[in-house]
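Visitor: So the sequences go chain by chain: P and C.
Going letter by letter, the first sequence gives residues 1 to 593 in the numbering used here.
Going letter by letter, the second sequence gives residues 1001 to 1255 in the numbering used here.
Derived by calculation from the structure, the hints in this document are not laboratory data.
For each residue, glycine too, the CB sits at the ideal point set by N, CA and C.
Keep in mind that a hint or two might mislead.
Pairwise CB distance ranges, derived in the manner of DEER restraints [said to hold, decoys possible]:
#1 K1230/C x V462/P: 38 to 44 Å
#2 Y465/P x S1204/C: 49 to 55 Å
#3 I458/P x S1204/C: 43 to 49 Å
#4 Q385/P x N1206/C: 27 to 33 Å
#5 P443/P x V1170/C: 21 to 27 Å
#6 V1170/C x K498/P: 54 to 60 Å
#7 K1230/C x R232/P: 38 to 44 Å
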Amino acid sequence: MIKTGKFLILSLLGLFTVLSLPLDLLAQDFTLEATVSENTIFVGEQFNLNIEVSGSSMRDVSLPTLPQLSGVRVLSSTPSRSTSISIINGRTTTSTTYSFSLIARDTGVHTIPPVSIQIDGETRTTNPIQIEIIEKGNLSTDGSQQLPEIFLEIELDDENPVTGQQIVASVVLYFKQGIEITSFQPTAGWRTDGFWKEELENIRQPEPESVILNGVRYRTATLLRYALFPSRSGNLTLAEYPMSVGVRTRPARNDPFGSFFGGGVNQRRVSLESEPIEMDVKPLPEADEGAVTINAVGDLDIERSLNQNSVVTGETVELTTTIRGTGNVPLVRRPVYDLPDGLDLYTPEESSNVERRGLSIRGDKNFTELLVPRAPGRYSIPEQQIAVFDAPNNRYKYITLPAVSFTASPSSRSSLAAASGANQDMPGPITGLAVWNSQESTPLYQTSLFWILMGVPILALVAGYLKKNQLNRLKFDRNYSRNYKAFDKAQARLEQAKQAHESQKSKELYNQLHKALTGFISDKTGLPEAGISDSELIEKVNEENAASETVRLLKQLLDKCATISYAPAGSMADQKADIEKTERLIKELKKLF
Amino acid sequence: MKTFSTAFLLFAITLFAPSLMFAQQSNFEQATEQLEEQNFREAISQYHQIADEGHHSGALWFNLGIAYTQLDSLGLAKYYYLKSSDYPETKADAQSAVEYVNERFNRRSATLPPLPWERFSNYLNNQVGISSLYLMALIFLYLGIAGILIFWFYGKFRTYSYYSGISALVMSLLLFVTAFYIQYFDNRYGTGVVTERQSIVYQSPNTTSGEVSTAYEGYTVRVDYQESEKHQNWIYIRLENGMNGWIENQAVKTL
């Protein structure tokens, strides 16, 4: 009795709660959906029309009523019914599916009109569904186009992306009816040169769908998805995707041994490869002048901040830039700011966090730059525009980072070394007495002394060469030797004449004077030393255009020398005068030759 | 009266001459104090004033380099350190400072190793010096000519003097050729440092011509003075990676 009473109280309480809820809310707490098992059907092929009603508070649901259908025949007007109940977070949802079996009859495109159903006394209708009925085998006109029983394809959501844009590559398996996939395992070695690749985390199990390819019905399932980011522009190739697939096939119906051997199924592993795909990756367009490009593509937000606004000279300030959102987060480059002078920069730190759920990559990336002010003052990093490419709209979005600044106060240590902080390798300033140079020293080769020193040996060499030549000529050229020595020889004879004069040997005196004159003229003119008459000598002198006075004096002296043997010698004064005349005459003759 | 005036003048010269001579030293010390107090711009201004008055020293250029290093003008800092390295008293410190500054440049040029002959001529220029080469060449010239003269006029040592004279003359000729070549190289080419953050190197001396490369702050370049004279506001340079081109002259400071 106690138990029954408790149940009754709870039931009444529940009923009161349900009735007290607003009617609109109750009315909308369900979903109604009509689907077909295939959208493209061959003539004569059977397919299902499913009406699914699901909700948490339905009390009375009637059987759906099929309208008049064109192009198809209804196998049974009473649908099969299946019900499922799920409880999520304490909420119970009931789902009822009514399934009608239909057979395609007429080719063409047909519409299944809305199906009516009574839910809690109200009539609801489904959406109309369009189906296409085709002749079997119409599309497989070309034998070469026939597809294998099972094959793999990579399907891209965009085949002409820009650099850095995310594209989703889906690994899709196609297999014919009668083939069951028991397992699949990607094989290592998918080359994606020019792309940064991330496997997306697929939460749902692959659900096969039905498609018709070249007039043949295939079942298809997306097994894996990858996010690809082209890292360069141009023609890029996605290599063949390798996969090992476990398949189970039923033997053909006309195989007489099929039912005896193998238990009616054939299980094996096959290795599949997709076709390579060529892509034309466009480069990112030019961003506005003044905006910093960081190779960011996607829906990204960027922030910038300093960890402190006031430091002591030599201490570190952290400038952090955070890039967050959906897009090529891991490929984003560090933005380069126009930093003020007087800051030491150290290798920036970089960290990123990437989520791979769903169909896109999202996450955040942080760049932390370490700035060390070397001198006191206010350091301001100006406002900066960052360009982020919005691929769907094919344009840049510009994010403006506001200016940030901080103040560096003087260090307590006044020395420069203290300000240098980590710059221990750098020598300090030079103090004390410096070595001063007030004018540039002239190079040696630009001084006159250098050129004098250069000239002296060259002159010495030239002089030596000339002297050597002269000596050689004196040695081997008799005429030159006589000519060269003529004057000295004449002078020597004049000396002997003077000695004869002092010894009062007048004949010897005139003999020496004669020899001096004739010897000088013959030496100078290259005439033989002996056998030449005085007149011939006078004639030779005449030929040299000598002055008449000179010729006359020469003739007079030669005559006197010739006749002195037969005539008395003159006085001592006359003899001395003749010596002097001869001396003058030789000097005159020297000028001639 | 005249004697008194002369004595007064001599006294005045004796009193003020040292202070006039060492005015730059006093200014240098004041500038260095500013540098130590981290008043870098004031220090730079005072150092430049000393240099403008015609005084220069390794210490002056070195401290200028430090001041520019602190102001993050690393191109200028390198330039002054390189100037300082030409002075024996600051050479070692300046060279280590250049290494330190080079480490801090964000971009460094690829460096083409110099050819053996270039290395040899650099060695001769920096370690031996052009004047020393000329002096050695003169000595060998004198020895050679003495040998030849002995060969001509003194029969006693003919063979010995002939060969030693010719050898000395050949040596002298080699030294002269080397000295002339290095002098020509030294006069035609100079070293420059890029002081702007970055500057484009063009194929021709105009901004519409093709770009050869980009020179970044701190790049050491070889300046061809002879070519550069042909075009105002442009300098013909050779980058360390071996590429040649024209750069606007305000981007480079030549030593």
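Visitor: Now tell me, hint by hint, if it's right for this structure.
Guide: To see whether the hints hold, each was checked on the structure:
{"no.": "1", "hint": "K1230/C x V462/P: 38 to 44 Å", "verdict": "41 Å, holds"}
{"no.": "2", "hint": "Y465/P x S1204/C: 49 to 55 Å", "verdict": "53 Å, holds"}
{"no.": "3", "hint": "I458/P x S1204/C: 43 to 49 Å", "verdict": "46 Å, holds"}
{"no.": "4", "hint": "Q385/P x N1206/C: 27 to 33 Å", "verdict": "31 Å, holds"}
{"no.": "5", "hint": "P443/P x V1170/C: 21 to 27 Å", "verdict": "25 Å, holds"}
{"no.": "6", "hint": "V1170/C x K498/P: 54 to 60 Å", "verdict": "56 Å, holds"}
{"no.": "7", "hint": "K1230/C x R232/P: 38 to 44 Å", "verdict": "42 Å, holds"}
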